[in-house]
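Put together the whole structure using the sequences plus the hints.
Which chain is which? The protein sequence lines are A and B, in order.
By our numbering, the letter at position 114 of the first sequence is numbered 114, and the numbering carries on one by one without gaps.
By our numbering, the letter at position 33 of the second sequence is numbered 1033, and the numbering carries on one by one without gaps.
Everything labelled a hint here was simulated from the structure, so no lab data went into it.
There may be inaccurate statements among the hints.
As the list claims (entries may be wrong) - Derived DEER-like restraints, expressed as beta-carbon distance ranges:
1) G1011/B <-> L122/A: 32 to 40 Å
2) E1056/B <-> I110/A: 16 to 24 Å
3) I112/A <-> V1037/B: 38 to 46 Å
4) V1037/B <-> L62/A: 51 to 59 Å
5) E57/A <-> G1011/B: 38 to 46 Å
6) E1056/B <-> L122/A: 32 to 40 Å
7) N130/A <-> G1063/B: 32 to 40 Å
8) E68/A <-> L1034/B: 50 to 58 Å
9) S132/A <-> S1060/B: 41 to 49 Å
10) E1052/B <-> L98/A: 16 to 24 Å
11) I110/A <-> L1034/B: 41 to 49 Å
Each residue gets a CB set at the ideal place from its N, CA and C atoms; glycine is no exception.
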Amino acid sequence: MSETLFKIFGITILALVVITLMRKSSSDIGTLLRAVCGVVLATVGISLIQPVIDFIEEIGVLGNVGGECVEVLLRVLGISVLSHIASGVCRDCGETSLASYVDMAAKAEILIISIPLMKSVLDIATELLNMSR
Amino acid sequence: MDIAIILKVAGLGILVSAAAQILSKSGRDEQSVLVTVAGIVVVLIMLVGEIEKLFELVCSVFGF
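Put into structure tokens, the structure is as follows:
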């Protein structure tokens, strides 16, 4: 486990040095190297996080909260990770506006995904109000 | 391991930029442009493969 972390740190620093060196001569391949680094490190990061997510699912099953909530939470997490990577790469290449478009799209998608959850909260609230009358 | 591809892309990038500089300084500008474009295309193909792997992983882990 710690070997993977050392590899990640070492190779990231190497890639950083190479990107800085290539900034003068050919910045195109530097941009592509940045994108590749982002994608590969995200893949490694997500495969490291996988046990944590399995644990969260187990807790959701035990806690009787309802599989819906845990599912929505996990999807929102996935969307936010992906949009973070994409907007980070855009910002590094100097395209701040593209990064903000990506962020906006991710926020819209997250809101859309959480609509069923908000509906169920409203239903529960209405039931409580009806019962209390 | 997945991380080795970063090293491959970095090595390719250094090679391509060195070759492009040598070619352009010895007067063959068109060939240097061709070498740069070829390097960019190869790295793009690798990048698309990695993006596909990332999306499959996100779909399987986060339950899309």
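Going through the earlier hints one by one, which of them does the structure break, listed in rising order? 1
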